[in-house]
Amino acid sequence: MASVTFDHVFKKYGDVTAVNDLNIHIEDKEFLVLVGPSGCGKTTALRSLAGLEEITGGEILIGDRVVNDVAPKDRDIAMVFQSYALYPHLSVYDNMAFGLKLRKFSKDEIKRRVGEAADILGIQDLLERKPRQLSGGQRQRVAVGRAIVREPKVFLFDEPLSNLDAKLRVQMRSEISKLHQRLQTTFIYVTHDQTEAMTMATRIAVINKGVLQQLDTPQNLYDLPNNLFVAGFIGSPAMNFFRGRLRKDGDKLLVDTGDFSVAIPPSRSKVYENHAGKDVIFGIRPENIHDADFVPANIDSEKVNVKVDVTELMGNEIFLYLMSGQNTFVARVDPRSKSRVGQQATVAFDMDNFHIFDAMTEQAIR
Amino acid sequence: MASTSMIERAKKKSDFRKTVTPYMYLVPAFLVMAVITFYPLIYQVVVSFTDFQTKDLLRGLASEKLNQVGVQNYVDILAGGLPVQNFDFFRVLTYNLWWAITNVALHVPAGIVIAVLLNTPGLWMKRIYRSLYILPVVIPPLVVATVWRNIFDEQYGAMNQFLTSAAMLFGSIDPVRIRWLEDFTPPIAWLLPNGPLTLAYYAMMIANFWLGWPFMTLVATGALQSIPKDLYEAASIDGASAYQQFMNITVPLLRPAMIPATIYGFTTSFNLFSFVFFMTGGGPARSTEILVTFAYDLVRNLRLYGAAAAFSVIVFFVALIIFLITNRLTKATENIVE
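If you read the protein sequences in the order shown, they are chains A and B.
In this note's numbering, each residue's number is its place in the first sequence (first place is 1) plus 632.
In this note's numbering, each residue's number is its place in the second sequence (first place is 1) plus 59.
Since the hints were derived computationally from the structure, they do not count as laboratory data.
Watch out, some of these pointers could steer you wrong.
Stated by the list, open to error - For lysine-lysine, the following PhoX-like pairs were computed, each having C-alpha atoms within a straight-line distance of at most 25 Å:
#1 B/K288 / A/K733
#2 B/K288 / A/K705
#3 A/K762 / B/K288
#4 A/K762 / A/K736
#5 B/K390 / A/K762
#6 A/K644 / B/K288
Produce the complete structure using the sequences and hints provided.
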């Protein structure tokens, strides 16, 4: 068990900077998820920690030890690969025992550890099989088992669920969470799927283009995104954005998008007063846009006239794809909504839950 | 009821069609094979029970001078009754097997090691090496044999000249005059007194090594590239050294590709007629003779057509046995990987 620190880590491939000045301190026993779009450098960061890539600058520490020049096998980590990387010619048992055999553990100890891991993962019946005789989910378990038996200080997961079908992914997600609680070890998990990040992480590091965008708990990332990228990346369906300008109208502060304008409630206007006249991006999540007929009580709402482009009934809610002038956006509304495709409708923006970003810097204005 | 029987009849007719159609497609190929393969094969078996000689060439099996000798040819071959010097069937067979096995035992490991070395990431001019080692694969063994025969020439060969220069470094002034392909005395007499392997065997091993390893490297290179990189990464995290990765991942995952290649290499070496024929002609004193060169000798020089036919039949059964064994081996190694 150990903490992990990325201290001003750089990784360059020629002119391309894959990881750009990464600073993360991961606490012992934490479940940290590195999330970001494909090619953002999150996997490179993980592989650097594993020792599979040499970093160009900075330091990586496991516990108090700088591991820059330590071989992967001596870093006391275990890794689960996206492809599982099971040894195809070895049985499940031997796959899991491989690392222990190389480390000269006694036969009894190997048997005990493999048996224990197999119990945890429910793969006792598969130990004699070869990887090719297993389903995707079973292979996944074996790959996790191979990591568990080593009892490492840090577990690394590189998009372990992306080769599974949707249902299995949800199931394995909760199993990995359970595993983390059970093992009480540091988990570092890479994914491009923000749902996985939100559901499993203690803290999430959002990375884009090699740069750490925000490092925080899932709820904070959702409620208080630092910038436009994080706001758009976390949450599904994604947050709606409207280009506009902050405008003072008498004693009211408005966001004017050109097609419509909404008033910022007095309780929040103080923050934005100094930015009046500035080009901004107004962001609001789909669940904070309501059908005007079913607006929850006690919220500051602003009505906007829209045209309904597409409706998607989900049962417990309806996704409305709406148009207002040049803007297209999504609302998650009450299933009783009467909105029909092609018709005009009125929606209500919940003005207690919105975000405003500087159009130039794309940073949140708070 | 009548309709049922009609349906049955129609069904039978279509069943008949289904069974016969594939055979109809095979007929043309079968006819060609009958003429160029089966007829000579049967002809040869028939000839092997006669004393077919030059005198019978004109009229073939219809020759009135042709005598049926039963299994006499077979007995002569196996019991050493042929009017041929220095011939012992079982010695030639043993040497032939030994020749094939030792060749493969050198080529396969060397091929794999070279393939792994050339597969090193970031190696300079990889493409040049890879096109260079194809060269021996595409040069006819006849040319290779002739070149190497010259290299091992007693007076003018590069090998002796090289050894002479090397010896000069140590102060020797005598030119080296090793009779590589002619000397009959075993080369390392103190180790193997009266050993069966002459210097020519070792010379041919060297020459055939040059000829043989590139194919194995070719196959191994292809197979290496199909081994996923992350297996090595997983192993390196699991604690495997480079050597342990080679033994635990590379070798087992190369096996499915290398075993057929090994069998191919074995059969090629076993029947490497042109190379042996042009390098030594089986000499000195038949010490490097293999079965196929001997069969050729029976026909070409000794004109013992009947005996040669019997010999070929025996070689056929030897090859069949080898085939059955190797087939077993291949089957046993199928399905290691997906």
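The hints, checked one at a time:
As the CA atoms of B/K288 and A/K733 are separated by approximately 21 Å, the hinted pair is consistent with the 25 Å bound. Taken as a hint, the B/K288 and A/K705 pair is honoured in the structure, with Cα atoms around 16 Å apart against an allowance of 25 Å. This hinted pair checks out: A/K762 and B/K288 have alpha carbons roughly 19 Å apart, not beyond 25 Å. For a cut-off of 25 Å, the pair hint linking A/K762 to A/K736 stands: about 23 Å separates their Cα positions.
Restraint check for B/K390 and A/K762: the C-alpha separation of about 18 Å stays at or below 25 Å, so the hint holds. The hinted pair formed by A/K644 and B/K288 meets the criterion: a straight-line CA distance of about 21 Å does not exceed 25 Å.
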